[in-house]
Amino acid sequence: MRSDATSRPPLLLSLATLGALLFIHVPLLLIIVYSFSADVNFQFPPSGFTTQWYVDALERQDMWKAFWLSVKTAFVATAIALVLGTLAAAALWKSSFFGKDYVSLIFILPIALPGIITGIALRSAFNILDIPFSIWTIILGHATFCIVVVFNNALARFRRLSGSMIEASMDLGADGFQTFRHVVLPQIGSALLAGGMLAFALSFDEVIVTIFTSGLENKTLPIWIYEQLFRPRERPITNVAAVLVMFVTTVPVLAAYYLTKDAEHTGGGGK
Amino acid sequence: MSANAITERESGLAGRLSDWLFRNPNRFLILLFIPPLLWLGVVYIGALFALLAQSFFSIDEFSGVIVYEPTLSTFAQLLHPANLDVILRTLVMAAAVTIASAAIAYPLAYFAARYAKGKWKALFYFLIMLPLWSSYLIKVYSWKLILAREGIISWLAAKLHVTWMLDGLLATPVIGGPSLSTSYIGTFVVFIYIWLPYMILPTQAALERVPVNLIEASADLGGSPSQTFRHVLWPLALPGLVAGSIFTFSLTLGDYIVPQVVGSSTQFIGNAVFAHQGMAGNIPLAAAFTIVPILIMLVYLSVAKRMGAFNAL
Numbered sequence: 724m725r726s727d728a729t730s731r732p733p734l735l736l737s738l739a740t741l742g743a744l745l746f747i748h749v750p751l752l753l754i755i756v757y758s759f760s761a762d763v764n765f766q767f768p769p770s771g772f773t774t775q776w777y778v779d780a781l782e783r784q785d786m787w788k789a790f791w792l793s794v795k796t797a798f799v800a801t802a803i804a805l806v807l808g809t810l811a812a813a814a815l816w817k818s819s820f821f822g823k824d825y826v827s828l829i830f831i832l833p834i835a836l837p838g839i840i841t842g843i844a845l846r847s848a849f850n851i852l853d854i855p856f857s858i859w860t861i862i863l864g865h866a867t868f869c870i871v872v873v874f875n876n877a878l879a880r881f882r883r884l885s886g887s888m889i890e891a892s893m894d895l896g897a898d899g900f901q902t903f904r905h906v907v908l909p910q911i912g913s914a915l916l917a918g919g920m921l922a923f924a925l926s927f928d929e930v931i932v933t934i935f936t937s938g939l940e941n942k943t944l945p946i947w948i949y950e951q952l953f954r955p956r957e958r959p960i961t962n963v964a965a966v967l968v969m970f971v972t973t974v975p976v977l978a979a980y981y982l983t984k985d986a987e988h989t990g991g992g993g994k
Numbered sequence: 347m348s349a350n351a352i353t354e355r356e357s358g359l360a361g362r363l364s365d366w367l368f369r370n371p372n373r374f375l376i377l378l379f380i381p382p383l384l385w386l387g388v389v390y391i392g393a394l395f396a397l398l399a400q401s402f403f404s405i406d407e408f409s410g411v412i413v414y415e416p417t418l419s420t421f422a423q424l425l426h427p428a429n430l431d432v433i434l435r436t437l438v439m440a441a442a443v444t445i446a447s448a449a450i451a452y453p454l455a456y457f458a459a460r461y462a463k464g465k466w467k468a469l470f471y472f473l474i475m476l477p478l479w480s481s482y483l484i485k486v487y488s489w490k491l492i493l494a495r496e497g498i499i500s501w502l503a504a505k506l507h508v509t510w511m512l513d514g515l516l517a518t519p520v521i522g523g524p525s526l527s528t529s530y531i532g533t534f535v536v537f538i539y540i541w542l543p544y545m546i547l548p549t550q551a552a553l554e555r556v557p558v559n560l561i562e563a564s565a566d567l568g569g570s571p572s573q574t575f576r577h578v579l580w581p582l583a584l585p586g587l588v589a590g591s592i593f594t595f596s597l598t599l600g601d602y603i604v605p606q607v608v609g610s611s612t613q614f615i616g617n618a619v620f621a622h623q624g625m626a627g628n629i630p631l632a633a634a635f636t637i638v639p640i641l642i643m644l645v646y647l648s649v650a651k652r653m654g655a656f657n658a659l
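Here the protein sequences line up with chains A and B, keeping their order. Using my numbering, the first residue of the first sequence is number 724, and each one after it goes up by one. Using my numbering, the first residue of the second sequence is number 347, and each one after it goes up by one.
Bound-form chain A, shown alone:
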């Protein structure tokens, strides 16, 4: 009698779902609208639309300097994270040893504890060791949480990898390196790429830790935007920069999504 209830959601549930979806998407769309607004203040609806702010923003040298620093940082941090995160996932995948739970905890901690703790801890460590702030101190902080992202992605894929494929490769005479190159890598490749892209997006966008590890000289794009938030007269420029950041972080996330969505079809899964 109630079997028809499985196909049709109750009206109230549909409305709540729609409301939640609007709640999470409207604010992001609104920024795009504001970036074309002819007004300098928060006025809604805008009195007119213009593309002038885009022209103005794209000529801002300080914004581009911050942008390229962010790109460099994100690339290096992602590269470090890809190597270390994959190694950690490979090591923890099949092993079991005393204290494994605690070691695994270390690989969750950088994202489970609030970012401010990572930030201030690194900053005070730099102070104690007399390390001057530079792009490398920023990278050090970013790589720490990027490792966690890559680790999680790689571990999830390793768990789906069937051990029999590796054994078969070894039985057929391949050595460990050949097996890694021709059997393991093709199967974990897309997961690594996805993890790397998410790590890149995360690093490109990070501000909470970066404020502590960057010093005054090195402004990443998020720090530049953060400072813009307190300059009301530059609001139109901030809007355009916001759209730019949204675009740069969305593209790798979209790519990561397409790379992992077919993950169930990993070869050898049906042992």
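By construction, these hints were calculated from the structure, which means they are not laboratory data.
Straight-line C-alpha distance at most 30 Å; calculated DSSO-like pairs for lysine-lysine:
| hint | chain 1 | residue 1 | chain 2 | residue 2 |
| --- | --- | --- | --- | --- |
| 1 | A | K795 | A | K942 |
| 2 | B | K651 | A | K823 |
| 3 | A | K942 | A | K788 |
| 4 | B | K485 | A | K795 |
| 5 | A | K817 | B | K651 |
| 6 | B | K505 | B | K485 |
| 7 | B | K485 | A | K942 |
| 8 | B | K490 | A | K788 |
| 9 | A | K942 | B | K490 |
| 10 | B | K485 | B | K467 |
| 11 | A | K788 | B | K485 |
Okay, the calculated bits of chain A under chain B, using three or more residues with CB under 8 Å as the criterion:
| hint | segment |
| --- | --- |
| 12 | 757 to 766 |
| 13 | 824 to 830 |
| 14 | 966 to 973 |
Every residue gets a Cβ at the ideal spot worked out from N, C-alpha and C, and that includes glycine.
Given the coordinates of chain A, assemble chain B onto it according to the supplied hints.
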């Protein structure tokens, strides 16, 4: 398995190295594991301990110089009414944000898990993932635009002739303020907005694992929808909600940017830490403050683990 039964293979250095690694799986694992463990163990944990150690020092009140003698006086300062206020305010905010996020996330997660099929399911997943990964600062900023006095909410309220409701809300003592973007209500809404996807994903994953026939069985046995929710869905969704709450709670505890951009200029733990380590140069007190969220999160994580939240992550 006897190694002697296998004839030695002729091969170069790489081959011999790989054979050695294969025969010594434990040493191989250790070799793999050393670099990442060094990074997180030395850089991250090392820095963390260096920070915690500093909370046992104190600051000379007259000269402002850090005194490197072990003392508990800095921790005692946490108990000053002003600092206790900061801690309590942050805890209440984190709890309120967590509960509200759960209330908004549950229907969406349930809909996505049970009613979205095929292409729609992918679309749902995508619609939830996208805001999670869009820029944190931009999200905060967008709400400054929305909540501002001349922003879209005031405009909507005027169009719908409910400006009196908005004014009434802002006139509420404690949570109100001159405008939405300078009140606790504003801070609260922005926190929910930013951490909501962290709540939706684990909840959806938990609900995904509830077989539909379990719900049908409950209905067949005469359970009303609310009884089915209370006795079947809720217990099964709880680990997912708790897993999500780890993030909403922890992230709210440590955030210092949201209250700075949208809110009534009162301090949360994050602001206090930021202020003490920055302008005031009082690293010991800043370090002591960071111990509060660390302790709370360690207790929270151990309770969450017991409730099975880790399997829902």
